[in-house]
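K.L.:
Under full-length UniProt numbering, residue 364 is the last one in the sequence shown; the count climbs by one each step, no gaps.
Careful, some of the hints might be misleading.
[Said to hold, decoys possible] In the DSS-like style, the derived pairs of lysine-lysine whose C-alpha atoms are separated by at most 25 Å in a straight line are:
{"hint": "1", "residue 1": "Lys324", "residue 2": "Lys302"}
{"hint": "2", "residue 1": "Lys324", "residue 2": "Lys87"}
{"hint": "3", "residue 1": "Lys302", "residue 2": "Lys87"}
Simulated from the structure, these hints should not be mistaken for laboratory data.
Since the model is a prediction, treat every value here as computed from it, not as a measurement.
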Amino acid sequence: METFVRPALIDPRAPPVDSASVPARWRRAWLAGPATSVFSLLLLAAGLVAGWHLVQWGIVDAHWRGSSSQACPDSGACWAFVIARWKPWLVGDYPLDQLWRAWACFAAFALFWTWVVRRAHGASMQRVLLGFIALPLAFFLLLAGGGPLPAVAPTRWGGLLLTLVATLATFATALPLGLVLALGRRSRLPVVRWLSAAFVESMRSVPLLALLFIAATLLPMFLPRGANIDLFTRALAAFALFNAAMAAEVFRGGLQAIGRGQLEAATTVGLSDFAALRLIVLPQAVTAVVPALVNIMIAVIKETTLLSVIGVNDLLGAVENGAKSPDWVGDSNILTSGHVFLALVYLAVCYSLSRFSRRLEARR
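Whole structure, please, built from the sequences with the hints as guidance.
P.N.:
Below is the structure:
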């Protein structure tokens with residue numbers, strides 16, 4: 001036995017490092033063989049041609065100044081449309097004398113997100129998730145007003161502000177409901193387990209757009225007489241239910257990743273089922289699925305563009321309504337410029353969230 005067992009631990013060693021230079025690694029990745037080299041060169045040529053046309057359209061021939069469609073007479077990008085419509089695209093029809101409330105929401109979210117990204121490596125994610133739940137409630141109270149603040153109906157919100165509130169509100173309501181559904185699918189009570197499974201599977205089987213149409217047209221018919229729930233709130237309810245079903249499957253995967261031995265050990269030391277769930281299972285399960293929850297947030301951000309289909313003035317709706325205004329009715333290139341700008345905004349937001357998700361995966 002002594003012949004095969006080492007009496008001392010092996011000293012830790014650093015992971016192997018690729019000593020090849022950056023040009024060598026690029027050559028190895030793109031010019032590994034004749035077929036790979038030809039394909040890489042074709043891709044490079046196509047990228048250069050497409051990039052030059054994009055630069056020519058978006059910079060060289062672009063129009064930057066003007067207050068109407070007359071400022072964009074030819075096929076160059078009409079960035080004047082983007083600059084002139086900045087207020088509806090940011091805050092919709094929010095009152096000018098109350099814009100400080102919208103700016104306060106943007107600043108608070110920027111500070112919160114900076115703290116999330118720069119927090120300590122080993123910090124718990126519980127405070128982050130709690131912040132994502134508390135932040136939309138604070139935003140809604142500040143933006144809606146009441147009491148000492150003038151009331152502003154959600155119908156006057158719009159643009160990026162409404163998209164931000166819709167995303168955070170959906171995330172804040174879908175996560176707790178999804179966790180409850182995931183726990184319900186693991187319940188010992190058959191009725192709870194079957195009802196949770198039926199809800200999750202039915203929501204996952206119906207397109208979100210169909211749910212939005214139901215919330216916009218059919219739901220008011222089933223409300224009590226005199227009940228008046230605005231369209232934005234009904235749309236948020238549809239978003240919350242749909243994404244709760246998606247979050248439930250994510251949480252269920254995290255719960256299944258916790259070994260049964262840990263629950264048996266918790267029972268051995270005298271913990272109740274609820275205490276074991278709160279102290280042992282949930283902290284590990286939630287931490288394990290945080291990257292997947294970030295992916296759900298990315299999906300929610302892109303799903304908010306469907307709000308414009310039912311008449312809610314989100315960022316996409318603000319862009320399309322601006323192109324239909326009397327001052328900007330004209331060539332289709334005006335709306336194309338707005339869509340390109342919108343695509344760049346969504347690309348920047350979703351790409352930053354994707355990088356943050358990969359960073360969380362690397363920490364695990």
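K.L.:
Evaluate each hint against the coordinates.
P.N.:
Verification of the hints:
1. Lys324 - Lys302: 23 Å, holds
2. Lys324 - Lys87: 16 Å, holds
3. Lys302 - Lys87: Distance ~21 Å between Lys302 and Lys87 Cα, so the pair holds.
Checked against the numbered hints listed earlier, the structure breaks none of them; every hint is satisfied.
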